[in-house]
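Numbered per numbering that gives the first Met the number 0, the sequence shown spans residues 0 to 442.
I should point out that these hints are in silico values taken from the structure, not numbers from a laboratory. Heads up, the beta-carbon is just placed ideally off N, CA and C, and yes, glycines get one too. The reader is advised that the hints may include incorrect statements.
Here are the simulated lysine-lysine pairs, DSS-like style, with alpha carbons at most 25 Å apart [as the list claims (entries may be wrong)]: (1) 60 to 409; (2) 269 to 236; (3) 146 to 112; (4) 395 to 409; (5) 395 to 350; (6) 429 to 392; (7) 409 to 55.
Derived CB-CB ranges, DEER-like [what the hints assert, rightly or not]: (8) 330 to 80: 45 to 51 Å; (9) 432 to 352: 22 to 28 Å; (10) 264 to 9: 28 to 34 Å.
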Amino acid sequence: MEQNGVDNEVSFLDLLVAIETSNKHLSLLLSVCDRDHLRNSLTERYEKELSSERIKSYRVKIDRQEPSLFAAINQLVESEPYLQAGNPAVITVEGVASLSSFASEGERSPVDKFLGYLQWTREGMRQFDFPIVIWVTEHIHNEISRKAQDFYSWRQGVFFFESIQEETIEPIDMEPIDLPDPESDDLDLPIDELLVYIAQRKAAGQEDASLATFYTLLARAYRRDNQIAQAISTWQKAIALQEKLNLSLELAHSLNELGFLYYYQGKYNKAEPLYLRSLEIRERELGVDHPNVAISLNNLAELYQSQGKYGEAETLYLRSLEIMERELGLEHPNVATSLNNLAYLYKLQGKRSEAEHLYRRSLEIRERKLGAEHPAVAISLNNLAGLYDSQGKYSKAEPLYARSLAIFVKTLGQDHPNTQTVTSSLTLLKLQILTGFDPATLE
Numbered sequence: 000m001e002q003n004g005v006d007n008e009v010s011f012l013d014l015l016v017a018i019e020t021s022n023k024h025l026s027l028l029l030s031v032c033d034r035d036h037l038r039n040s041l042t043e044r045y046e047k048e049l050s051s052e053r054i055k056s057y058r059v060k061i062d063r064q065e066p067s068l069f070a071a072i073n074q075l076v077e078s079e080p081y082l083q084a085g086n087p088a089v090i091t092v093e094g095v096a097s098l099s100s101f102a103s104e105g106e107r108s109p110v111d112k113f114l115g116y117l118q119w120t121r122e123g124m125r126q127f128d129f130p131i132v133i134w135v136t137e138h139i140h141n142e143i144s145r146k147a148q149d150f151y152s153w154r155q156g157v158f159f160f161e162s163i164q165e166e167t168i169e170p171i172d173m174e175p176i177d178l179p180d181p182e183s184d185d186l187d188l189p190i191d192e193l194l195v196y197i198a199q200r201k202a203a204g205q206e207d208a209s210l211a212t213f214y215t216l217l218a219r220a221y222r223r224d225n226q227i228a229q230a231i232s233t234w235q236k237a238i239a240l241q242e243k244l245n246l247s248l249e250l251a252h253s254l255n256e257l258g259f260l261y262y263y264q265g266k267y268n269k270a271e272p273l274y275l276r277s278l279e280i281r282e283r284e285l286g287v288d289h290p291n292v293a294i295s296l297n298n299l300a301e302l303y304q305s306q307g308k309y310g311e312a313e314t315l316y317l318r319s320l321e322i323m324e325r326e327l328g329l330e331h332p333n334v335a336t337s338l339n340n341l342a343y344l345y346k347l348q349g350k351r352s353e354a355e356h357l358y359r360r361s362l363e364i365r366e367r368k369l370g371a372e373h374p375a376v377a378i379s380l381n382n383l384a385g386l387y388d389s390q391g392k393y394s395k396a397e398p399l400y401a402r403s404l405a406i407f408v409k410t411l412g413q414d415h416p417n418t419q420t421v422t423s424s425l426t427l428l429k430l431q432i433l434t435g436f437d438p439a440t441l442e
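Make the full structure from the sequences, and use the hints.
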């Protein structure tokens, strides 16, 4: 989803007010977001805020086989005396965003089933005297507005949240940038289900754009599951079919994704031609100043930086940053990522003053746009701390590491690689402060 100009903080506050003012009567609040992590963090945030006002929060998940909104909520209410008593509460509906739009032969898709249930839900829902927040993707929101117009007409609000692609690496100095694949970003299907869809289409001889989309979905699913070899093989199948069908922009996206996997395997010679080809297609099809071109420039710059080609990397980073600032605005999250990456390059080159300025600007953008406890904020805090650490400015580094660690533990968990990286950095810093021991002397 790309809601240009959407301010997540404004949308969140509007949603919070809608919940608070809807207490004691039914209020259907559609919240539109294409990213699981952002949906979860926003839900946790308003639940925390509401608890201080003695509004109790409940969550209910839509059944994938029988995705009835009324049935899911009614089952919850029947099991909760607190809700039956009409006490202050809010119910958050999860699982709608992950419903598939694809159907097996002779059957309706889960999304179509969900929309069908909505058509006769209205009267039954009247018995529920509390606000209900329903998280949906932009695709499903659009389907509701078109195919369940009666239900849509009695919503009390629609709240859009911009999706931020979040990808981090070890160490967390550099971050790739990508925009969502318009064909597949709102779908998160199980691997087994995708394999069935692909087999059905291949058996029917359907080598079309739909099959190419399923390949991209499967490749992403393999990557999420850390099955990298399978992901690479599937991206190669997607690329071959996209070439055959002349799907230029989809091909550019797939080339970038495959290059990304090779890059993180350290296979730079395989990654570079893929990145270059993706860049060439995007410049030709979209124009040299398009944000997707800036993304290709950023990722190619990362590759050159990893190879020690700092001059080439800086040129590409600066061009990427210029495009993003002009086309997306000075405070877009992708601008913050671009600033972070350029700052790391300057750090490697010993340009510490320039690096500090860019790290601070990246941090400020993320805090304003994403919130003070977003994982991307933790990345900026960690990287700024690392810069101070490398200069021996331990009193400046320590509180930044500590804040970064607290955010990662809360949002990603104790065992996440980013959490472990910051834990290690903070431990070594404290050792240096206490003993004067510098681990670098062992290298």
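Against the structure, the hints come out as follows:
1. 60 to 409: holds (23 Å)
2. 269 to 236: Status holds; Cα separation ~16 Å.
3. 146 to 112: holds (11 Å)
4. 395 to 409: The given pair, whose Cα atoms are some 23 Å apart, holds under the 25 Å limit.
5. 395 to 350: holds (18 Å)
6. 429 to 392: holds (12 Å)
7. 409 to 55: holds (21 Å)
8. 330 to 80: 45 to 51 Å: At roughly 47 Å between Cβ atoms, residue 80 and residue 330 fall inside 45 to 51 Å, so the hint holds.
9. 432 to 352: 22 to 28 Å: For residue 432 and residue 352 the Cβ distance comes to about 24 Å; the hint holds.
10. 264 to 9: 28 to 34 Å: Between residue 264 and residue 9, where Cβ atoms are some 41 Å apart, the hint is violated.
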